[in-house]
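*Asks:* Numbering (our numbering), first residue to last: 1 to 322.
FYI, nobody ran anything at the bench for these hints, they're computed from the structure.
Worth double-checking, as some hints may not be accurate.
[To be verified] Below, a list of computed lysine-lysine pairs in the DSS-like style, where the Cα atoms sit at most 25 Å apart:
{"id": "1", "residue 1": "LYS60", "residue 2": "LYS80"}
{"id": "2", "residue 1": "LYS195", "residue 2": "LYS80"}
{"id": "3", "residue 1": "LYS60", "residue 2": "LYS124"}
{"id": "4", "residue 1": "LYS124", "residue 2": "LYS195"}
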Amino acid sequence: MSKGEGEEKKAEWSSRSIGSGWQHRIFYLLIRLGGRRAAYLLLYFVVLYYVLLRPDQRRKSEYYLRRRFPGDGPMARLAKSYRMSLQLGKVLVDRAVVGILGPEEVAVDLGGQEELLSLLGEGKGLVLMTAHVGCWQVAMSALGFLSVPVSLLMQREEGDLDRHYFEHAGLDSPYRIIDPRGFLGGTMEMLGVLKKGEVLSVMGDRMLGDDHNGVAVNFLGAPILVPYSAFKLASATGAPVAVLLSWKSGPRSYRLKLFRVIRVAPDLGRRAEAFAPYAQEFAVVLEEFTRDHPFQFFNFYDMWQTSPPRTGAGSAPKTQGA
Numbered sequence: 001m002s003k004g005e006g007e008e009k010k011a012e013w014s015s016r017s018i019g020s021g022w023q024h025r026i027f028y029l030l031i032r033l034g035g036r037r038a039a040y041l042l043l044y045f046v047v048l049y050y051v052l053l054r055p056d057q058r059r060k061s062e063y064y065l066r067r068r069f070p071g072d073g074p075m076a077r078l079a080k081s082y083r084m085s086l087q088l089g090k091v092l093v094d095r096a097v098v099g100i101l102g103p104e105e106v107a108v109d110l111g112g113q114e115e116l117l118s119l120l121g122e123g124k125g126l127v128l129m130t131a132h133v134g135c136w137q138v139a140m141s142a143l144g145f146l147s148v149p150v151s152l153l154m155q156r157e158e159g160d161l162d163r164h165y166f167e168h169a170g171l172d173s174p175y176r177i178i179d180p181r182g183f184l185g186g187t188m189e190m191l192g193v194l195k196k197g198e199v200l201s202v203m204g205d206r207m208l209g210d211d212h213n214g215v216a217v218n219f220l221g222a223p224i225l226v227p228y229s230a231f232k233l234a235s236a237t238g239a240p241v242a243v244l245l246s247w248k249s250g251p252r253s254y255r256l257k258l259f260r261v262i263r264v265a266p267d268l269g270r271r272a273e274a275f276a277p278y279a280q281e282f283a284v285v286l287e288e289f290t291r292d293h294p295f296q297f298f299n300f301y302d303m304w305q306t307s308p309p310r311t312g313a314g315s316a317p318k319t320q321g322a
């Protein structure tokens, strides 16, 4: 992939909200005055506007929907675009609800707590690999039982209006932020976290920074690029990689599940191909998630705009079941 192609591809997605500041403030006011239901009521109409009258925004959901539901016609795809966008909107409202009204407004059921404690007890640190599904901030807010510092690799764009749940409450961040645009992509900071036996949380489904830090895997029938730096760190430190995903399970509830523990072989070096099987295993988990929760997958850009895999990424190493 040329430099120009890479820059064009990166421009396909943005973490920045499509809404303006005053639109956000209306939702926040509704939450304070009428709670979640009042905000949801407005949300139905806002999403309908974007899906029907903003084809540029609707198109962002169709990249995924065409892969997930290849047999759909235009009307079925339109309906699914509405459902997918509505689910994202509800997640964003719930995130604000937690910060404005308090965490008791959302119930979180965590599956795999004992296993996570056991993994952390190995003393090699723990890589928590999440994705842009469900509400990853619910996952982060439910990690207090680990009783160790949590660091999060996160890139936030300038001008992004979306607030995190702790910002709504006027609190400091409960986790340390590592910026992937920093020195060596934050590698030294992440390595230090694991060396101290702490928790490092990363997103496994979206590229941050240079595409050379990605490896091609198969997802929904075609290749996508996913980052492999977390697997490289796991190989260097011996830290297990725990795939932890969340989904909205009810009007006021979320489920959080440890889907799999990936054990990366030691001393694999730096070549991307060495980590392709592990990245592919994560992609398999993600594909399984989309089968069960097809409208809670929130990558609104063309993930498949990449070159074919250079290695046979269809096979995966044996892992500890979860």
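*Asks:* With reference to the structure, classify each hint as holding or not holding.
*Replies:* Each hint, compared with the structure:
1. In summary, the hint linking LYS60 to LYS80 is supported, as the alpha carbons are separated by about 12 Å, within the 25 Å threshold.
2. Of the supplied pair hints, the one linking LYS195 and LYS80 is violated, its CA atoms being roughly 44 Å apart against a limit of 25 Å.
3. For a cut-off of 25 Å, the pair hint linking LYS60 to LYS124 is broken: about 39 Å separates their Cα positions.
4. At roughly 7 Å between alpha-carbon atoms, LYS124 and LYS195 fall within 25 Å of each other, so this suggested pair holds.
Violated hints, listed in ascending order, are 2 and 3; each of the other numbered hints is respected by the structure.
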